[in-house]
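Visitor: The whole structure should be built from the sequences, with the hints applied where relevant.
Numbers 20 to 201, taken from the numbering used here, label the letters of the sequence shown in order.
I should point out that these hints are in silico values taken from the structure, not numbers from a laboratory.
Incorrect hints may have been included.
What the hints assert, rightly or not - Computed list of lysine-lysine pairs in DSS-like fashion (alpha-carbon distance at most 30 Å, straight line):
1) K99 - K89
2) K125 - K99
3) K94 - K145
4) K147 - K128
5) K94 - K81
6) K94 - K80
7) K80 - K56
8) K176 - K147
9) K81 - K99
Said to hold, decoys possible - Cβ-Cβ distance ranges computed for the label pairs, FRET-style:
10) I72 - V47: 31 to 39 Å
11) L55 - L83: 26 to 34 Å
12) S126 - K89: 47 to 55 Å
13) I72 - L48: 29 to 37 Å
14) E132 - A97: 50 to 58 Å
15) T70 - V49: 27 to 35 Å
Every residue, glycine too, gets a C-beta built ideally from N, C-alpha and C.
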Amino acid sequence: MFLPTVLAASNFVQVRPGLIFWTIVTFVLVMVVLRLKAWGPILQLVQERETQIANSVESAKKMLVDAEAKLAEAKEAANKARQEASETIRRNQAEMSAFREEMMAKSRKDADEYKAAARREIEEQKAKAIAEVRSMAVDLSIEVASKLISERMDDSKHRALADQFVQGLPVGGAAGAVRRSA
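Guide: Next up, the structure:
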């Protein structure tokens with residue numbers, strides 16, 4: 020057992036010129052074959068990969084520049100949209116303020132018209148009331164006068180006398196007299 024192991028170890032360390040020659044020839048032959056058959060395609064693949072990587076880097080740079088440009092455009096569009104929205108809000112507020120003022124003016128005008136119509140109506144009713152009070156005063160004075168004067172007068176004389184009496188009375192006095200008699 021010891022002997023085959025020693026022989027194997029001594030074979031391994033032993034220099035054999037034939038084996039060295041054939042090892043060198045085989046190595047050179049494999050290198051030539053690899054250089055002709057494999058080295059060219061491997062280098063070509065490496066160069067293609069390098070070109071592809073360079074193109075990808077360039078493409079990424081272009082895409083980055085495009086993305087930055089689009090981002091700037093988007094920011095500009097957003098700012099423009101904000102400004103337009105702000106302008107629209109300001110314009111709407113101005114329109115609402117003008118509309119409010121217009122409606123207030125219209126309301127004031129309508130209220131003034133209603134007030135004036137009410138005053139006219141009051142004046143008309145007042146004039147009717149005064150006329151009615153005068154008429155009643157005339158009728159009352161005719162009755163009073165006919166009771167006081169025992170002589171008989173015709174109706175037209177009574178009216179003329181009562182109208183004369185009423186014309187002599189102040190407006191407030193006749194209304195006060197009617198109220199007192201009521």
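Visitor: Decide, hint by hint, whether the structure agrees.
Guide: Consistency of the hints with the structure:
| no. | hint | verdict |
| --- | --- | --- |
| 1 | K99 - K89 | 15 Å, holds |
| 2 | K125 - K99 | 38 Å, violated |
| 3 | K94 - K145 | 74 Å, violated |
| 4 | K147 - K128 | 28 Å, holds |
| 5 | K94 - K81 | 20 Å, holds |
| 6 | K94 - K80 | 21 Å, holds |
| 7 | K80 - K56 | 37 Å, violated |
| 8 | K176 - K147 | 25 Å, holds |
| 9 | K81 - K99 | 26 Å, holds |
| 10 | I72 - V47: 31 to 39 Å | 34 Å, holds |
| 11 | L55 - L83: 26 to 34 Å | 43 Å, violated |
| 12 | S126 - K89: 47 to 55 Å | 53 Å, holds |
| 13 | I72 - L48: 29 to 37 Å | 34 Å, holds |
| 14 | E132 - A97: 50 to 58 Å | 51 Å, holds |
| 15 | T70 - V49: 27 to 35 Å | 29 Å, holds |
Of the hints listed earlier, those the structure fails to meet are numbers 2, 3, 7, 11, in rising order.
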